[in-house]
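Asks: Respectively, the protein sequence lines represent chains B and F. Going by the numbering used here, the letters in the first sequence line up with residues 1 to 84, in that order. Going by the numbering used here, the letters in the second sequence line up with residues 85 to 269, in that order.
PhoX-like cross-link-like pairs, simulated, lysine-lysine; straight-line CA separation at most 25 Å:
(1) F:K248 with F:K259
(2) F:K172 with F:K260
(3) F:K259 with B:K9
(4) F:K172 with F:K248
(5) F:K259 with F:K172
(6) B:K9 with F:K260
(7) B:K9 with F:K248
(8) F:K260 with F:K248
Across the chosen pairs, the derived CB separations fall in these ranges:
(9) F:A105 with B:L49: 27 to 37 Å
(10) B:A53 with F:A147: 34 to 44 Å
(11) F:R165 with B:V57: 45 to 55 Å
(12) B:Q5 with F:A147: 37 to 47 Å
(13) B:P18 with F:Q198: 13 to 23 Å
(14) F:Q244 with B:A6: 24 to 34 Å
(15) F:R112 with B:P18: 11 to 21 Å
(16) F:T245 with B:A6: 19 to 29 Å
(17) F:S96 with B:A35: 18 to 28 Å
(18) B:G48 with F:P154: 39 to 49 Å
(19) F:A88 with B:I56: 50 to 60 Å
Here are some chain F residues pointing at chain B (derived, C-beta under 8 Å):
(20) A107
(21) W122
(22) R128
(23) P201
For the record, the hints were derived by calculation from the structure and aren't laboratory data. Virtual Cβ for every residue (Gly too), placed ideally from N, Cα, C.
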Amino acid sequence: MTDDQALTKLAELARQEPTPTVEVSFAVMRQIEYARPSTDRPLAIITGLSAAAAAIVLYFAADAWLTWQDPITAMLCSMDTVMQ
Amino acid sequence: MRVADEDQRDISASLVGDGQAFARLVRRHQDAIARYLWRFTRDRAMLDELAQDVFVEAYFNLARFRGEAPLLMWLRTIATRVGYRYWKRRRREQVPGVLSLAEMEQVLANPQPQLSPEEAGERLHAMLSRLRPRDRLVLTLMYFEELSVAEIAQLTGWTQTLVKVQAMRARGRLKKLLERSEERR
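Excised from the complex, chain B in its bound form:
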């Protein structure tokens, strides 16, 4: 018997082997849920961008806000600068 024939016979016998069954539907659906990109992602991106824009506006507006709130201090600060 050649190697090829032996291999063929062995495979023939091996194909009669009962193969195990699996139940993976639940695990698959769980993995899919976990891996699927969240549908809230665009909302999160917009929220993030809005927060960043608000922070920039707040930074530049802080000076104006302080001047409006306490004009004397703001005026003295300016005087200090002039005296130097």
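Following the hints, complete the assembly by docking chain F onto the known chain B.
Replies: Coordinates of chain F only, in the frame set by chain B:
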């Protein structure tokens, strides 16, 4: 052969986000895929893991399924890729083969009628595991699965000529392995 109606219905529903429809597809084909993947691993836990990988990959590529062949054929193509990747990963991790060269001698020496199908499966799997993944894949599909050159080409994405060449080389390498074990006797 085209996609079965029930598969087509569930594919369409899955594509619009019906998770239950995809779960039905999984339940319908999981045993056939497990049977196929049993050629790639004989470890029950790994079999579950590989079967899951096949269906997860199928889910995320479902929009690319053209429906020109039965769904199971497409799933088997994915399973081939998943199984092959598993062999390559395992080889890199250098997990020792299931069978030593000395043990391999017994495979051909042992008269086969005395073997049970389980033993034959175990031995054939162990013998082929000594080969490189490409060689192992072509011989597994050819002998274990009894597939034609055309079917192997479809599953692997190789040309039919490449399948024939690969099979010839793989048989040669297997023969060398067996001869080497004969010399060590």
